[in-house]
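J.: Put together the whole structure using the sequences plus the hints.
Heads up: the sequence lines are chains D, Y and X, in that order.
Just so we're aligned: the first sequence equals residues 1 to 352 in my numbering.
Just so we're aligned: the second sequence equals residues 1 to 367 in my numbering.
Just so we're aligned: the third sequence equals residues 1 to 351 in my numbering.
No lab work stands behind these hints: they were computed from the structure.
By construction, the Cβ of each residue, glycine as well, lies at the ideal position given by its N, Cα and C atoms.
Mixed in with the good hints there might be a few duds.
Derived pair list, reagent style PhoX-like, types lysine-lysine, alpha-carbon separation capped at 25 Å [what the hints assert, rightly or not]:
{"id": "1", "chain 1": "D", "residue 1": "Lys-222", "chain 2": "D", "residue 2": "Lys-45"}
{"id": "2", "chain 1": "Y", "residue 1": "Lys-221", "chain 2": "D", "residue 2": "Lys-183"}
{"id": "3", "chain 1": "D", "residue 1": "Lys-222", "chain 2": "D", "residue 2": "Lys-70"}
{"id": "4", "chain 1": "Y", "residue 1": "Lys-6", "chain 2": "X", "residue 2": "Lys-169"}
{"id": "5", "chain 1": "D", "residue 1": "Lys-252", "chain 2": "D", "residue 2": "Lys-222"}
{"id": "6", "chain 1": "Y", "residue 1": "Lys-221", "chain 2": "D", "residue 2": "Lys-152"}
{"id": "7", "chain 1": "Y", "residue 1": "Lys-4", "chain 2": "X", "residue 2": "Lys-169"}
Some, not all, of what chain X presents toward chain D, calculated at C-beta under 7 Å [said to hold, decoys possible]:
{"id": "8", "residue": "Leu-69"}
{"id": "9", "residue": "Arg-80"}
{"id": "10", "residue": "Leu-197"}
{"id": "11", "residue": "Ile-198"}
{"id": "12", "residue": "Gly-292"}
{"id": "13", "residue": "Asn-301"}
{"id": "14", "residue": "Gln-302"}
{"id": "15", "residue": "Leu-304"}
{"id": "16", "residue": "Thr-310"}
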Amino acid sequence: MTVPALLLRAGRLALTVGVAIVTTAAIAHAQLAPPPGPTAENIKKRGALACGVDTGVPGFAAQDNTGKWKGLDIDYCRAIAAAVLGDPDKVRYTPTTAAARFTVLQAGEIDVLIRDSTLTFTRSNQLGLDEVAVNFYAGQGFLVRKSIGVQKAAELQGATICMITGATLELNIADFARSTGAKIGSLLFEKPEEAIAAMEAGRCDGYSDDSGSLAGMRSTLKNPSEWIIMPELISKEPLGIHARSGDPRWQKILFWLDTALKTAEEFGITQANADELRKTSKNPFILRLLGAEGDTGKQLGLDSDWAFRAIKATGNYGEIYDRHFGPNALNLPRGLNNLYNNGGMHYTLPFR
Amino acid sequence: MTTKQKALAWQALAVIAAGAVVLWFAHNVVDNLAQRSITFGFGFLFTRAGFDIPFHLVAWDESFTYGHALYVAGVNTLFAAALIIILASALGLALALMRLSGNPLAVGTARVLIEVIRNTPQLTQIVFFYLAVLQVLPPMRQSIHVGASIFLNVRGLYVPAPSGTGWDWIVAGTIVIVMIAAVSWRRLGVQVPRLIVLPPVLLLGLVLAGFTAQWDPPALKGFNFVGGVRLPPELVALTLGITVYTSAFIAEIVRAAIMGVHRGQAEAARSLGLSAAQTMFVVILPQALRILIPPLTSQYLNIIKSTTLGAAIAYPEILQVYARTVLNQSGRAIEVMTLVLGVFLAINLLASAAMNAWNRHLTLQGR
Amino acid sequence: MRHPLVRALFGTKLNAAITLLMLAAFALVLPPLFRWAIGTAVWNAPNRAGCEAADTGACWAFIRARLALFFYGIYPVDQRWRVDAGLVVLVVIGTGALFARRHRGLWLLALAVLIPVIDGILLVGGIFGLELVPTGQWGGLMLNVVISFVALGGSIPLGIALAFGRRSKYPVIRYGSIAMIEFWRGVPLLAVLFMGLILLPLFLPNGVNIDNLVRALVVLTLFTSAYMAEIVRGGLQGVQSGQPEAALALGMHTAQVQLLVVLPQALRLSIPGFINIAVDLFKDTTLVSIVGLFDLMGVVNQSLKDTAWTGLAAEGYTFAALVFFFACLIISLGGSVLERHFAIAPGSTKH
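T.: Structural data, given as structure tokens:
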């Protein structure tokens, strides 16, 4: 066979195969998309929870040496998978950029978005999303060099602050300038690595992000001790769980799972003592939560051990927080993220 | 059916097929927008932007509109692109001459440089240059300064800004006079060396303007220098990054073009008593220009498109300001992306047309 | 001044000046670079603190700890043999296509057909008892290779079609092709990738959902095919007009002439252009991190955020740059082998 004839045949074959592959792929992916309706059933059918997470911010979601995801948001994904599927490892993580996160959720590529994302009016009403629960109370803060001796955000008048685009950070700064008259210059980067590097080189006077991410970013600095996170926050950023509108039962599962993790902390249920408490506790709240009494699971369309499994998988909210933000991790004081009885904001609805 | 009818039928079929696809897309868009209760329209362009653009060549503050932001960012993009096109052409020529110099050290170094530059991702190079520029420059309070009016530090190069009236007219007038003189003299057949009188005229005009203007020197106030004109390190790094990258490609294009000029030309020029430099710049390069314009055009278009990589290092060009900040604030993804793509298409088609016109002009001259 | 090398380096004043200048530049740059990269570098340490304790040079221990991640992304550890197997298939068939003495055409056919099928099955899985690995878990250098291969493979037929379209005598097809080519050449890749990610769902029927990787592939294929079309067009223009005339005189159809006589010669002339496109494409695959895919650059960026290994951007980027350099070098070398094989026999006119 001559080379040209072969090439011709090869081209024709490649074209056919290509068309076939693309068509098959398109059909396969079209089938992967969940039809509108019960998200929980889809997850069970698929055998995995599709969880949208950050592309990488220590504390919330970051990959370790082996590529394993770790963080507060990751533990939430794991807890949900444990409750719904019985296995915390059955999670398919989809890293999403700030710009794309909501589109990905709207399009049905993920079941839930837990990506240090602020719950806001616009997102709830304009984007067709549900603001399910807050898993981290943050606010926009500043990471600055200790030596510049600034105490309050207003004193940053005239300073330049590095940050990333695609979030509401620069808008908050503009709003802050408008309401207080303190004009702060912003320098907008695509990714935090470059922003942080520019700040360390002295290009900016500080770095701005939500307070949880700031703690994470501070840990990646060359000399973390030279930098402080200013206590003042210029905005409220309640970070939490977003779901697509239109599936109230899935929303309830997510909401009560968050509540269960926090309630577990309130009643002292930990990863270690959950087994024992289920057998020995006399507290009806604990027994209901761990599925020894009542039918909380059935009412959510799950089995009775759902919360027990979640707690066994990740521990209670306090344990999760400590694992990623505690003294042995990023060392961010709990502050607003304490339970209400410790001066924080997490006041859970009772399991009754 | 005759061949002509057949042809018409085929074309009609193609149009119908394309139209059907477009309609299908449009239908889906309308459907999806309705489902997500998203509205479509360009009204947002007239609302208040509310964000800062840290580097701008034309007036800007938070109270301007989104529409105006496109103009400001567009000027930033064009400014960077123009700067890079000039520098990359010069550096590319230098690298090409280095490769043709015959000095084995220079040839080897140029080859290695060109290979390394061409074979590593452009974004990596830009980020590298940014971090390198930031490392090299001194911190703000230890600025390198010339007197009390020019400062160089990690935040940029600060020079006094001209203000007052009159100076801008003198500058513009001088430039116009010099350009008219240059063009008309060449038409009249005035030899190239005589044009040497023009740069001093330009300089004189600029000096005159300098004396007319009032100068507003930069001064350190609080966290930053205030006043003056600032050349930010982001622009420097972006310029360096793309210049170096593109110059490696331009060098190869120039080298091929120079080698494409007939050897006899150089030999004839040398035998007429021209120096090596004269031979290169007066005889060889003008002829090489004709060969290299088409590939050079692609490189220039690539430069314009590559300025979007500035988004990674905080240079406020169109993509960064529009596809990031404005898109995120207004939520108008389709409108914003349509604008961004439209602006780039327009710039590129114009640039391409200009280069083609130059090419035709040169080809005609060659006859 | 006797030795030719000495004469070349110091022969004239200008040459001597250039030589001295270059030597001074080397003396300034090379020793510190060497000290950092090799002299005082640390190859073995559990984390960054360990590196600092040992020495002040580059902390290559970071790269070692994450090497697997850089190559495979988060592809499941127990399934990574599939990636290795896929690579072996690629290398064997690729080598065959480049160096086989006979049946080069068959090898090229295998490259175009067998590799997509075999490697597709190996990497995606889901049949023949292979576990399904969703593309979300693909990453690292493997992703760069997959994307380049698919986009290059897809863009060749598309580019050829567009090139013929641009020469078509039917205005609708001609202008359609021109519009397509000029659009994709006129827009920044970053912007269209972003558009593909954000806006594609809006252009498709509700509920239809396309994998992120597939989106990036579609965008890169279309983008590359526009450049490919221009290269092929150049090749088509380079074919001597006597060739199609002779073929027509032999009684072949117009389509036969174009496909069997003109195209093969045009493709032969286009090989250097193809290689440039392949190298550009491979480098451009780094931009997919913008749409949330973790290619090698993405994984490196991700790794810089590991609290055990912070502040090691220089090492990470240097490593990535080196990998890209060698990968592109392999593409270029492979290309020149192909070019030599298909070079027009000596004696015939070159263009």
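J.: If a hint holds in the structure, say so; if it doesn't, say that too.
T.: For each hint, the structure was consulted:
no. : hint                     : verdict
1   : D/Lys-222 with D/Lys-45  : violated (46 Å)
2   : Y/Lys-221 with D/Lys-183 : holds (14 Å)
3   : D/Lys-222 with D/Lys-70  : holds (22 Å)
4   : Y/Lys-6 with X/Lys-169   : holds (13 Å)
5   : D/Lys-252 with D/Lys-222 : violated (43 Å)
6   : Y/Lys-221 with D/Lys-152 : holds (18 Å)
7   : Y/Lys-4 with X/Lys-169   : holds (11 Å)
8   : Leu-69                   : holds (5 Å)
9   : Arg-80                   : violated (11 Å)
10  : Leu-197                  : holds (5 Å)
11  : Ile-198                  : holds (5 Å)
12  : Gly-292                  : holds (5 Å)
13  : Asn-301                  : holds (6 Å)
14  : Gln-302                  : holds (5 Å)
15  : Leu-304                  : holds (6 Å)
16  : Thr-310                  : holds (4 Å)
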